[in-house]
Amino acid sequence: MSLGARTYIGSVVALGSAILIGCVALDPHFPNTARFLQLLVLATLASTFKIRLPRIEGTISLNFVVYLIGISTLTLTETVLMASVSTLVQAVWRAKKRPQALKVLFNVSTLAISVAGAHFASQQMRQNETQVPALVLAAIVLFVLNTWLVSLVVALTSGESAMTVWRTCNQWTFLYYLMGAGISALVIA
Numbered sequence: 393m394s395l396g397a398r399t400y401i402g403s404v405v406a407l408g409s410a411i412l413i414g415c416v417a418l419d420p421h422f423p424n425t426a427r428f429l430q431l432l433v434l435a436t437l438a439s440t441f442k443i444r445l446p447r448i449e450g451t452i453s454l455n456f457v458v459y460l461i462g463i464s465t466l467t468l469t470e471t472v473l474m475a476s477v478s479t480l481v482q483a484v485w486r487a488k489k490r491p492q493a494l495k496v497l498f499n500v501s502t503l504a505i506s507v508a509g510a511h512f513a514s515q516q517m518r519q520n521e522t523q524v525p526a527l528v529l530a531a532i533v534l535f536v537l538n539t540w541l542v543s544l545v546v547a548l549t550s551g552e553s554a555m556t557v558w559r560t561c562n563q564w565t566f567l568y569y570l571m572g573a574g575i576s577a578l579v580i581a
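The numbering of the sequence shown is the working numbering, which starts it at 393 and goes up by one.
What the hints contain is simulated information worked out from the structure, not anything from laboratory work.
Treat the hints with care, as some may be off.
Unchecked claim - Quick list of in silico lysine to any residue cross-link-like pairs, SDA-like style, CA-CA up to 25 Å: (1) K495 with L432; (2) K489 with I532; (3) K488 with A410; (4) K495 with L434; (5) K495 with W558; (6) K488 with A547; (7) K495 with L454; (8) K495 with G574; (9) K489 with L578; (10) K495 with A438; (11) K495 with F422; (12) K489 with M555; (13) K495 with V579; (14) K495 with L578; (15) K489 with F566; (16) K489 with M393; (17) K489 with V416; (18) K488 with L548; (19) K488 with A438; (20) K495 with M555; (21) K489 with S453; (22) K489 with T425; (23) K489 with T440; (24) K488 with T440; (25) K495 with V416; (26) K495 with G509; (27) K495 with V433; (28) K495 with H421.
As the list claims (entries may be wrong) - Here are the computed distance ranges between Cβ atoms for each label pair: (29) T522 with L567: 16 to 24 Å; (30) T556 with A426: 27 to 35 Å; (31) L578 with K489: 36 to 44 Å; (32) K488 with T556: 20 to 28 Å.
By construction, the Cβ of each residue, glycine as well, lies at the ideal position given by its N, Cα and C atoms.
All chains, full assembly: derive it from the sequences and hints.
So this is what it looks like as structure tokens:
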């Protein structure tokens with residue numbers, strides 16, 4: 393693995409870990425514990441339903457819909473913790489081969505960064521708009537951050553162009569995320 397790839401992976405893991413640890417250490421409040429636990433269970437269950445992606449070793453699941461619901465109804469700490477736990481489950485649950493610790497850390501960190509960014513963007517928009525535009529923005533931010541963070545690591549480790557990797561592996565999933573925003577809006581309403 394190249395120095396650039398190792399540096400990038402280390403940076404993503406450090407930032408994702410800092411977000412997760414910072415949330416839990418600085419704002420350990422769970423104002424609606426029952427809702428948090430319900431969404432945590434739903435996200436974890438959704439993580440067990442894996443969809444294989446072409447050209448990628450990893451999987452995606454329906455848990456991002458639950459993340460969007462969490463972004464709209466939970467605190468940042470609750471949402472990041474829910475996403476981190478469910479991503480950990482997705483990485484290790486019935487894995488075809490034993491997952492490498494660094495890959496698991498990278499995946500959890502990627503989701504912590506993506507969910508935190510989507511939560512922040514959604515909260516900023518929600519101050520001036522209704523729920524639906526904030527959910528659409530959250531879905532877009534979640535999609536862009538998550539897919540680009542993963543595409544960049546694949547590009548750095550494979551020697552391909554990041555844009556080529558992104559187009560090949562993720563371009564078709566954008567509508568999937570927008571439909572998830574619609575489903576989330578219906579569930580919240």
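Taking the hints in turn, this is what the structure says about them:
| no. | hint | in the structure |
| --- | --- | --- |
| 1 | K495 with L432 | holds (22 Å) |
| 2 | K489 with I532 | violated (31 Å) |
| 3 | K488 with A410 | violated (30 Å) |
| 4 | K495 with L434 | holds (23 Å) |
| 5 | K495 with W558 | holds (18 Å) |
| 6 | K488 with A547 | holds (23 Å) |
| 7 | K495 with L454 | holds (20 Å) |
| 8 | K495 with G574 | violated (31 Å) |
| 9 | K489 with L578 | violated (37 Å) |
| 10 | K495 with A438 | holds (20 Å) |
| 11 | K495 with F422 | violated (29 Å) |
| 12 | K489 with M555 | violated (28 Å) |
| 13 | K495 with V579 | violated (32 Å) |
| 14 | K495 with L578 | violated (34 Å) |
| 15 | K489 with F566 | violated (28 Å) |
| 16 | K489 with M393 | holds (20 Å) |
| 17 | K489 with V416 | violated (31 Å) |
| 18 | K488 with L548 | holds (24 Å) |
| 19 | K488 with A438 | holds (18 Å) |
| 20 | K495 with M555 | holds (21 Å) |
| 21 | K489 with S453 | holds (18 Å) |
| 22 | K489 with T425 | violated (35 Å) |
| 23 | K489 with T440 | holds (15 Å) |
| 24 | K488 with T440 | holds (13 Å) |
| 25 | K495 with V416 | holds (22 Å) |
| 26 | K495 with G509 | holds (21 Å) |
| 27 | K495 with V433 | holds (23 Å) |
| 28 | K495 with H421 | violated (29 Å) |
| 29 | T522 with L567: 16 to 24 Å | holds (22 Å) |
| 30 | T556 with A426: 27 to 35 Å | violated (45 Å) |
| 31 | L578 with K489: 36 to 44 Å | holds (37 Å) |
| 32 | K488 with T556: 20 to 28 Å | holds (25 Å) |
In this structure, the earlier hints numbered 2, 3, 8, 9, 11, 12, 13, 14, 15, 17, 22, 28, 30 are contradicted, and the remaining ones agree with it.
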